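Visitor: Protein sequences, first through last, are from chains Z and F. Counted the way our numbering counts, the first sequence spans residues -14 to 111. Counted the way our numbering counts, the second sequence spans residues -14 to 111.
You may find that some hints are simply not true.
Any copy, or any two copies together, can satisfy a pair, since identical chains are not distinguished.
[To be verified] Computed cross-link-like contacts, DSBU-like style, restricted to lysine-lysine with a CA-CA straight-line distance of at most 30 Å:
(1) 50 <-> 95
(2) -6 <-> 7
(3) 50 <-> 16
(4) 18 <-> 79
(5) 79 <-> 67
(6) -6 <-> 95
(7) 67 <-> 18
(8) 79 <-> 50
(9) 82 <-> 36
(10) -6 <-> 16
(11) 95 <-> 82
(12) 18 <-> -11
(13) 67 <-> 101
(14) 7 <-> 82
(15) 101 <-> 49
(16) 36 <-> 101
(17) 95 <-> 67
(18) 101 <-> 77
(19) 30 <-> 95
(20) 36 <-> -11
(21) 7 <-> 30
(22) -6 <-> 79
(23) 36 <-> 79
(24) -11 <-> 79
(25) 67 <-> 82
(26) 50 <-> 101
(27) 82 <-> 50
(28) 16 <-> 67
(29) 30 <-> 15
(30) 30 <-> 18
It is worth saying that the hints were derived from the structure and are not from the lab. All figures in this text were calculated on a predicted structure; none of them were measured in a lab.
There are 2 protein chains.
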Amino acid sequence: MTIKEVAEKFGLTNDTLRYYEKVGLIGPVKKNKSGIRDYNEADLKRIEFIKCMRSAGLPIEVLKKYVDLFDEGADTVGERRKLLEDQRDILKEKIDKMNEAYDRLNYKIKMYNENKLEDLLKEGKQ
Amino acid sequence: MTIKEVAEKFGLTNDTLRYYEKVGLIGPVKKNKSGIRDYNEADLKRIEFIKCMRSAGLPIEVLKKYVDLFDEGADTVGERRKLLEDQRDILKEKIDKMNEAYDRLNYKIKMYNENKLEDLLKEGKQ
DNA sequence: ATATGACTTAGACTTAGCTCTAAGTCAAGC
DNA sequence: GCTTGACTTAGAGCTAAGTCTAAGTCATAT
Chain Z
-14 MTIKEVAEKF
-4 GLTNDTLRYY
6 EKVGLIGPVK
16 KNKSGIRDYN
26 EADLKRIEFI
36 KCMRSAGLPI
46 EVLKKYVDLF
56 DEGADTVGER
66 RKLLEDQRDI
76 LKEKIDKMNE
86 AYDRLNYKIK
96 MYNENKLEDL
106 LKEGKQ
Chain F
-14 MTIKEVAEKF
-4 GLTNDTLRYY
6 EKVGLIGPVK
16 KNKSGIRDYN
26 EADLKRIEFI
36 KCMRSAGLPI
46 EVLKKYVDLF
56 DEGADTVGER
66 RKLLEDQRDI
76 LKEKIDKMNE
86 AYDRLNYKIK
96 MYNENKLEDL
106 LKEGKQ
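Please model the entire structure based on the sequences and the hints provided.
Guide: Next up, the structure:
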């Protein structure tokens, strides 16, 4: 699979894919005799995982650490689990904060819809 | 209330508070005769709101637009509601993505805890 | 055989959101 | 009256994560 196809498949850009490879998040991807990347199944799975985690805001540095530990083998299982647990906890906190803001936005929108404009003046409400 | 007290109250830095003021997100905050900021109740409510929205990832530019519309008065009510709805929808999408990543992290952690290490090799699983 | 268009590289540039620095003012304590 | 420490300013610097540029290679269509 070419870089263009992969980029389209996952909604990334060619640049981003090469960037991820450069920083060691994926690959190194096999290249044909004229130096053109040909992504295989394992590459695609890794990219899909990375994309999911990146879109949730996990830092590249952390993801790199994880894939590095993975490559180091079974000895790093404990450290990997710890890393995942830490990231999960951080993510949970972020989700909570976002839900709070979400509720608050909805409250405000409700006030607009009900024309309760006085309530909006108290910016701190709810 | 001094900048230091406000910063501590909300878990921000003095720099961030001055930065928010500089870009027009808050204030301008009243200053005493020797030029030192003294935050009032309205300032605090605004800061609390901004902090909540910022911690959910709403861009400063968007928040500035909102507070500017607010200051322009009742004519902008429709535009304000639209802005809030747009941001709510964007936020909803982000929350969904984060929940997806959250579930996936938990699945992986579960595999680690149950020592089902083969499953981890399929990075794309679930 | 030459032009086109997709790929390659290294490295410079961009953006958002702070964060830090330098130089200065001022009130309070010694 | 001098020092200390908290504040002030303008503006430079930083970090993360891309994004873009320039120069080059290569396979294919004309």
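Visitor: Between copies, within a copy, both or neither: which fits residue 50 and residue 16 at Cα up to 30 Å?
Guide: Classified as within: same-chain Cα gap 25 Å, cross-chain 48 Å, threshold 30 Å.
Visitor: How do residue 95 and residue 67 come out at 30 Å by Cα distance, when the copy is not named: within, between, both, or neither?
Guide: For residue 95 and residue 67, the Cα distance is within 30 Å only across copies (12 Å; inside one copy 42 Å).
Visitor: Regarding residue -6 and residue 95, is the shortest C-alpha distance of 30 Å or less found within a copy, between copies, in both, or in neither?
Guide: between (38 Å within a copy, 29 Å between copies)
Visitor: With identical chains treated as interchangeable, where does the CA-CA distance between residue 36 and residue 79 reach 30 Å or less: within a copy, between copies, both, or neither?
Guide: both (18 Å within a copy, 13 Å between copies)
Visitor: For residue -11 vs residue 79, is the C-alpha pair at or below 30 Å within one copy, between two copies, both, or neither?
Guide: between (33 Å within a copy, 26 Å between copies)
Visitor: What label fits residue 30 with residue 15 when the C-alpha limit is 30 Å: within, between, both, or neither?
Guide: Within one copy only: 15 Å inside, 56 Å across.
Visitor: Checking an output row: residue -6 and residue 16, CA cutoff 30 Å. Within, between, both or neither?
Guide: within (19 Å within a copy, 55 Å between copies)
Visitor: For the identical chains here, do residue 36 and residue 101 meet the 30 Å Cα criterion within one copy, between copies, both, or neither?
Guide: between (42 Å within a copy, 24 Å between copies)
Visitor: Are the CA atoms of residue 82 and residue 36 at most 30 Å apart within a copy, between copies, both, or neither?
Guide: For residue 82 and residue 36, the Cα distance is within 30 Å both inside one copy (22 Å) and across copies (10 Å).
Visitor: Check residue 7 against residue 82 for me: Cα-Cα at most 30 Å, and say if that holds within a copy, between copies, both or neither.
Guide: between (33 Å within a copy, 25 Å between copies)
Visitor: Treating 30 Å as the Cα threshold, decide for residue 67 and residue 18: within, between, both or neither.
Guide: Neither, since 41 Å and 54 Å both go past 30 Å.
Visitor: Within a copy, between copies, both or neither: which one fits residue 30 and residue 95 at a CA-CA cutoff of 30 Å?
Guide: between (42 Å within a copy, 19 Å between copies)
The structure shown violates the earlier hints numbered 4, 7 and 28.
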